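Q: Each chain is listed here by its residues.
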Amino acid sequence: MHTESLLHGGASAGRLSSCALAALLLYGLVLAGDAYQGARKRMVQEIEHTATRTAAETGRRALDRQVLVAMEKVERHRFVPQSQRRFAYQNRPLPIGYGQTISQPYIVALMTDLLQLQAGQRILEIGTGSAYQAAVLAELATEVYSIEIVEPLGRQAEALLRQLGYRNVEVKVADGYYGWPEHAPFDSIMVTAAASHVPPPLVKQLKPGGRMVIPVGPSFLTQYLMLIEKQSDGTITSRQILPVRFVPLTGGH
Amino acid sequence: MPRGLPCNAYVSGLMTTQSVSPPVAGEIPPLAFRLALFLVSAAALSYEILLTRLFAIIQWHHFAYMMISVALLGYGVAGTVVALFRNYLESRFLAVFSAAACAFGVTAVACFLLAQAVPFNALEFLWDWRQPLWMLAIYLLLLVPFFFAAICVCLAFTRYARCAHLVYTFDILGAAAGSLGVILALFAMRPGTVLGCLAAGALAAAGLAMRLNGTRAALAWTLPAVLTFGTIAVMQSALGDLRPSQYKQLSQTLEVTGAHVVAERSSPLGLVTVVDSPEIPFRHAPGLSLNAPHPPPCQLAVFTDGEGMSALLRDDGRRKPLSYLDYLTSALPYHLRQHPRVLVLGAGAGADVLQAIYHEAAHIDVVELNPQTIELVEREFADFSGRPYSRTNVRLHIREARGFIATSRDHYDIIQLGPLDAFDASSAGLYALSENCVYTVEAIQRALDRLAPGGLLSMTRWVDLPPRDALKLFATVVTALERRGVQEPGSRLAMIRGWKTATLLIGNRAFTADEIALLREFCRARSFDLVWYPGMASGEANLYNRLEQPYFHQGAVALLGAERDRFTSLYKFDIAAATDDRPFFFQFFRWKTLPEVLHLRDRGGLPLLDWGYLLVVATLGQALLASMVLVLLPLKWLRNGGHTQGTARLRTAIYFGALGTAFMFVEIAFIQRFMLFLSHPLYAIAVVLFAFLFSAGLGSALSARLAGRTFGIWPPVVLPVLGIALLAVTYLFGLPAVFEALIGLPDAGRIAFAVLLILPLGMCMGMPFPLGLEALGRQAPALVPWGWGINACASVISAVLATLLAIHLGFTAVILLAAMLYGLCIASFPVAR
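For the protein sequence lines, the chains are A and B, in the order given. Per numbering that gives the first Met the number 0, the very first residue in the first sequence carries number 0; after that it's consecutive. Per numbering that gives the first Met the number 0, the very first residue in the second sequence carries number 0; after that it's consecutive.
Because the hints were derived from the structure by calculation, they are not lab data. Because the structure is a prediction, the values reported are computed rather than measured. In this text, a Cβ means the ideal position worked out from N, Cα and C, and glycines have one as well. Certain hints may be false.
Stated by the list, open to error - The calculated DSS-like cross-link candidates involving lysine-lysine, where the alpha carbons are at most 30 Å apart (straight line), are:
#, chain 1, residue 1, chain 2, residue 2
1, A, K72, A, K40
2, A, K206, A, K171
3, A, K72, A, K171
4, A, K206, B, K319
5, A, K203, B, K319
6, A, K203, A, K171
Claimed, not checked - Which stretches of chain A does chain B cover? Using the computed rule of at least three CB atoms under 8 Å from a CB of chain B, they are:
#, region
7, 93-104
8, 142-152
9, 196-206
10, 211-220
11, 232-238
With these hints in hand, go ahead and build the complete structure from the sequences.
A: So this is what it looks like as structure tokens:
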């Protein structure tokens, strides 16, 4: 009897502690979620603050509010390897394996902003990588088509986007040079893969009035951004943009 | 490019007279022991050079500085340990020697493999606080094998102090054999295999010493053999072969579905890898105009040390697939000259040659340094490439570009020089500290000499933002023209840019109106921007590929105007003309820009920094720290010191510190000078290293005759110091003219002449150290380890410091500074007080 009560007592204590543990775990998860959410919010605030400061100096407009909302929504920590999660909301590029990186969030915001996206648009991305950029684009555009040349990376990105519920992104592992003719033309194209020149088929698949952004530079170091605009008459103009306000001459304007 | 230093000779020079312990009278080191020492010295110097090669493959070239410094540090630390535990180590001399040689052999492989596994990523250096620590870990890991090698050498000198000259001869011969042998071995074997052979050499030395120690022959030979096979087996299997950084171009390319290596050639000039990617074809055409009607043809990608991708083009004889070559900025000169005689410098896999062929050049001379690249194009992939170098109007020269320009007597309508470095590594500033003798004022002057009347020198560089590379080239060319007495350099220059490349044309007469019309049409048809041509209106700049400001045009105008110096000094990057005295074309870093760039970190500002420069500064920092902690600090515990006077200690520190610094300064500066003369980087390294090693050894042996003597009030060191000062200054100002006159000599003649010139200088430089140690040994023996430690520290640091100073002040200043430091040596020579 004694033993039994003890057992009973033990069992109920066990049940209680299991419940408590479950509650704790849940709470922990909520906390962790909150922690990421807080960190994400801080990261976006930092980007916004930085961009506003830059805008004041340059006279350029500040980043589009919608871009920042999208960045606040997309969970960057889900797109980086486990070992890098603790740095996920720092404003810096991170390694994602296969010699690839996930760009500095400020650069992601800037590049997305440069595309001047609107709802209802169809976007092509060359170089899916971690799929973070694709997810940000998916928050703003209606259809996103993304091409990756490193097979495991492409498969991984596809699975992750599906898992996160992005129904408007399609990923394929293929040669990005020829774009995705089945879904062309595109309102905007983002080429995050290293390109020695601008592939002419991509220019063809850009709608008149459309924009293409290409970051240039080695891993971890985006030197400048190429912005290619197709005018309504089909002529092409290109611009090279430093991501940062920097006048090369001391005492320069 | 490996640049080893004769650390053995130097440090051995240090040890020669370090007879602090009573020598065993008349005992001569047995032949087997001399052979063992020879092997250890050869392996140690080979290892130093090999490491620069291995790290150039797995990381980037800036590790060369770390290898020089870490090898010297190994000798410093070993010296300290021998000084601290001399009695213990000496009483077990042969056992310790063989154990240390064994340890050297095993750790040479093991520590490299461990260092390779350290997750250091140079590109993340300023993003991630762990990176400097990883770099330090690599430094300390590589210190271990050098430490063991140095233990062997140090012990040999203490044990056979009486026969130091004999010990020294074998040490020096080993080092010299190592410096030549490793370069020959790298032609025959892959770097990983050379590492295995080198370990085997060290282990054989251990076997020899074990035999002398009475170990049975069977064991003495079995153990090293087993260890050799063991380490090599581990290297080949468990830890794999070389693992380049995943951020190198080659590694990234091989991740692409279907991409695979189809050929590989290894030599001391680099590891050349050819990659095919049938599923996702290569279309390498940097800066191709957006208006190009046709894509590039099929390509194979060629990498050197996993970087600097260039395209090996398929040429099936049809013109159309090559038409893209007309839509690059580098095609411009062919629109201004019909059927030209062309010289292509640094042809690589041959795209520039095909460009000349496409534009119907009458004759093409091609200069390429690496015969293996040519062999791949002409033999292994002959069917693919169409053998561009074997065309009837093409003549191939396997030479270094600067040397060819200096010796050629031909004249050309177009001299074409493309960018030979990789865009990515270049834009990250990873080449910042590599000397380049093609992009200098003097080299451009020589190239202009090779132009036929009305000829064009065409130079293409990468575009970076804000402009650095293109403006530095412009400044260098303007200075070259001025030195040739051209009154209006602007009248002979034309520059255009695409979004990734800029091409600068230099004519040997002013451009005509017709030529300018052709130039403008060329740019209009390709949407390239005009940067400069004589008479250009500002409104014509920055039309197609727009920048926030017409930075390139503004820069060109400023560099041609009266405000040039002001503009250059106010510019936030170093764009001052590169000269033979400051041959650092790729170095743009200025300290004054650092705070602003760091402040802009969050806004994507970090790519504005030249990382290569900062990595070398970091190397200097860790060399300083490590040498203090590992060499000087332990000497505090040296008990047999007794009480020495503060002033004597200070004098010793000044003497040996100045000596170590001055030695390295002179040596590094003259290696650079002789490289220009010998023109082939491999000859230069092997010859200069060997000559310095040999002559310093000779000088050290001769110094015995001066020991203890004085010249009036002057210490004995005054003679070699005067010799060094005289020779250094004479060479400094006299060599350029002598080299100019003799550069036409055949290779053997130039090599012999270089050795003859180095011999007296090296001999003088080999003397002050043993003289100082000898005097100290007589007057304050307790200070010997202190002097030696200080000297080791100074060498470790100045090996890196010399290059940093040369960047800012030039090699002339480095030599003059060294002469002054030698003067300080006379004043601080150890004397009894």
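Q: Does K171 of chain A sit within 30 Å of K203 of chain A, going by the straight-line distance between their CA atoms?
A: holds, 20 Å
Q: Holds or violated: K72 of chain A and K171 of chain A, Cα atoms, limit 30 Å.
A: holds, 24 Å
Q: Just to be careful, I want the Cα atoms of K72 of chain A and K40 of chain A compared with a cutoff of 30 Å; is the pair within it?
A: With a Cα-Cα distance of about 9 Å, the restraint between K72 of chain A and K40 of chain A holds, given a limit of 30 Å.
Q: Under the criterion that the straight-line Cα-Cα distance not exceed 30 Å, is the pair K203 of chain A, K319 of chain B satisfied?
A: holds, 21 Å
Q: Three residues minimum, CB to CB under 8 Å: does the region 93-104 of chain A make the cut for coverage by chain B? Let me know.
A: holds (count 6)
Q: Straight-line Cα separation of K206 of chain A and K171 of chain A no greater than 30 Å?
A: Holds - the C-alpha atoms of K171 of chain A and K206 of chain A are around 21 Å apart, at most 30 Å.
Q: Are at least 3 residues of the region 211-220 of chain A within less than 8 Å of chain B when you compare beta carbons?
A: holds (count 6)
Q: Between the region 142-152 of chain A and chain B, are there enough contacts, at least three residues with CB-CB distance under 8 Å, for the coverage claim to hold?
A: As far as the region 142-152 of chain A goes, the hint holds, because 4 residues have Cβ atoms under 8 Å from chain B.
Q: The region 232-238 of chain A covered by chain B? Criterion: 3 or more residues, Cβ-Cβ distance below 8 Å.
A: Contact hint for the region 232-238 of chain A vs chain B: holds, 4 residues under 8 Å.
Q: Within the assertion that chain B covers the region 196-206 of chain A, do at least three residues meet a Cβ-to-Cβ distance smaller than 8 Å?
A: This one holds; 5 residues, not fewer than the three required, reach chain B with a Cβ under 8 Å.
Q: Verify the proposed pairing of K206 of chain A with K319 of chain B, using a straight-line Cα cut of 30 Å.
A: Answer holds: K206 of chain A to K319 of chain B is near 29 Å, not above 30 Å.
The structure shown violates none of the earlier numbered hints.
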